[in-house]
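Here the protein sequences come in this chain order: F and P. Residue 1 is where the first sequence starts when you use the UniProt record's numbering, and the numbers rise one by one after that. Residue 1 is where the second sequence starts when you use the UniProt record's numbering, and the numbers rise one by one after that.
It is worth saying that the hints were derived from the structure and are not from the lab. All values derive from a computational prediction rather than experimental measurement. Watch out, some of these pointers could steer you wrong.
Not everything, but these chain F residues come out facing chain P in the computed CB check (under 10 Å) [claimed, not checked]:
hint, residue
1, Met-43
2, Glu-179
3, Ala-180
4, Leu-182
5, Ala-183
6, Ala-198
7, Leu-200
8, Gln-201
9, His-220
10, Pro-221
11, Gly-222
C-beta atoms are modelled at their ideal positions from N, C-alpha and C, and glycine is treated no differently.
There are 2 protein chains.
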Amino acid sequence: MPAPKYLTIKQYLFNEIASGRWTEHHKVPSENQLATQFSVSRMTARRALQELTEEGALVRTKGLGSFVASFKNQSSLLKVKNIVDEIELRGMKHSCELVTLEKRSSNPEVSVALSLPLESPVFFAALIHYQDRQPIQLEARYVNARLVPNFIEQDFTKITPHEYLAKTLPLTEAEHVVEAVLADRQVLHYLKLNPPQACLQLTRRSWSSLGVVSFTQLTHPGQHYRMGSQARFGD
Amino acid sequence: MPAPKYLTIKQYLFNEIASGRWTEHHKVPSENQLATQFSVSRMTARRALQELTEEGALVRTKGLGSFVASFKNQSSLLKVKNIVDEIELRGMKHSCELVTLEKRSSNPEVSVALSLPLESPVFFAALIHYQDRQPIQLEARYVNARLVPNFIEQDFTKITPHEYLAKTLPLTEAEHVVEAVLADRQVLHYLKLNPPQACLQLTRRSWSSLGVVSFTQLTHPGQHYRMGSQARFGD
DNA sequence: GAGTGGTCTAGACCACCCC
DNA sequence: GGGTGGTCTAGACCACTCG
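Start from the sequences and build out the full structure, keeping to the hints where you can.
Now the structure itself:
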């Protein structure tokens with residue numbers, strides 16, 4: 001029982017994208033080209049393209065062709081948590097203050113999160129996101145310095161760290177954990193809150209094909225932030 | 001430009017399920033039966049079944065047939081938050097204590113949440129869920145009494161309210177909001193906590209085809225509860 | 001008009017399940 | 001063996017985009 005042909009094609013396309021050889025908006029081969037190239041019928045080639053489209057890796061337009069999707073739109077979960085989009089959706093202005101941006105050596109916790117040896121080079125960034133003038137998120141982020149060597153040279157008041165990463169390399173996977181925590185001294189200070197304050201804390205790890213890229217803690221004051229989601233059954 | 005044939009078939013199947021005429025585990029027509037019934041090729045009938053399967057409405061087994069999926073497994077979001085499964089997944093024992101179960105008249109907040117006129121009949125249930133002997137979730141639930149008239153007669157130490165609802169009528173849609181809150185006096189008391197305590201609060205509304213069925217607040221102590229999720233790119 | 005994706009057909013072979 | 005879903009083919013017509 002050999003692997004299905006459509007899967008072979010799908011994996012070929014996926015590898016081209018995950019490896020970074022085809023980046024955002026790259027035009028991928030048409031159904032007919034793939035059918036010829038892999039000696040299959042058009043319907044079989046089509047299935048590979050179709051499934052990758054449903055999974056968010058490709059965008060297809062009638063009469064135009066199939067293209068690698070924007071990395072920032074890959075995952076609905078990632079999208080849900082893009083704070084800039086959310087704030088602008090509410091018609092408010094997003095701004096960002098850089099608190100820290102420096103090179104560090106990974107401590108045990110960070111090493112585990114990034115799957116790196118102890119004392120590996122990592123970048124650490126701390127930022128405060130504002131909605132209009134109100135602080136709404138504290139972002140503490142560790143980045144694998146080997147995978148994204150230019151991270152530390154960016155101006156994160158102009159582009160958010162997540163946007164920079166998504167622009168720079170193909171993020172292929174993400175893991176999220178959400179929990180409620182009491183704000184500690186630092187959080188109270190940066191978000192200008194009075195104790196006791198419950199905060200929603202989102203911990204995210206994101207991957208590229210080469211490994212864990214980034215480990216991030218996003219902390220929001222509970223009464224100012226809600227994460228919503230809708231699940232629908234059928235069409 | 002007439003509607004695609006596969007969509008017509010898909011909508012037909014969906015209506016049978018959403019209306020409740022076909023319930024959990026009901027065997028749906030085979031690819032060949034649908035092809036004959038709708039005068040289309042097998043590939044077209046197949047597409048309707050296939051898409052409903054990807055959307056979680058059907059389960060298909062080679063050699064056996066296609067069946068209406070368990071309502072409790074319809075949505076990954078719903079599944080994530082099924083506390084019984086989560087506790088048992090951890091190898092611990094779930095139990096449940098009924099605090100309140102009574103008929104009420106909807107106040108403004110509940111009326112809005114359930115899309116009902118003021119002073120409509122609703123049922124209210126309050127329960128504490130335990131993981132082994134530790135309280136881990138406070139559930140406060142309002143149910144539209146007209147849609148689920150027998151709700152109040154159930155024994156919720158044997159079946160959870162969500163299980164009962166999912167068993168009784170087809171839940172077609174759900175909306176979730178998660179936020180961090182400080183535990184109030186009542187929550188501290190029922191979950192046996194000391195102030196100040198940050199809690200993760202999940203607010204859920206679930207629909208059937210006839211309207212909003214239920215409006216629920218689930219409160220968990222922050223340090224004992226995490227909601228995880230993974231997003232993957234491609235296969 | 002040439003190329004693209006969207007839909008559809010009427011066949012085919014296979015692995016699987018149940019009788 | 002008969003029915004089921006899983007894969008695959010070699011065609012077809014259409015609507016769309018672009019040059």
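Hints versus structure:
Taking 10 Å as the C-beta cut-off, the interface hint given for F:Met-43 holds, the closest approach to chain P being about 8 Å. The interface hint given for F:Glu-179 holds, since its Cβ lies 5 Å from the closest Cβ of chain P, which is under the 10 Å cut-off. A least Cβ separation of about 3 Å between F:Ala-180 and chain P falls short of the 10 Å threshold, and the interface hint therefore holds. Below 10 Å, beta-carbon pairs count as interface contacts, and F:Leu-182 has one with chain P at about 5 Å; its hint therefore holds.
Given hint, F:Ala-183 at the interface with chain P, holds; its Cβ is 8 Å from that chain's nearest Cβ, closer than 10 Å. The beta carbon of F:Ala-198 is positioned within 10 Å of a beta carbon in chain P (closest approach about 4 Å), and the interface hint is therefore held. The criterion of a C-beta within 10 Å of any C-beta in chain P is met by F:Leu-200, whose closest approach is roughly 4 Å, and the hint holds. Of the supplied interface hints, the one on F:Gln-201 holds, with its beta-carbon coming within about 8 Å of a beta-carbon of chain P, less than 10 Å.
Taking 10 Å as the C-beta contact cut-off toward chain P, the hint placing F:His-220 at the interface holds, the least distance being around 8 Å. A hinted interface residue such as F:Pro-221 counts as satisfied when its beta carbon comes closer than 10 Å to some beta carbon of chain P; here the least separation is about 8 Å, so the hint holds. Of the supplied interface hints, the one on F:Gly-222 holds, with its beta-carbon coming within about 3 Å of a beta-carbon of chain P, less than 10 Å.
In this structure, every one of the numbered hints holds.
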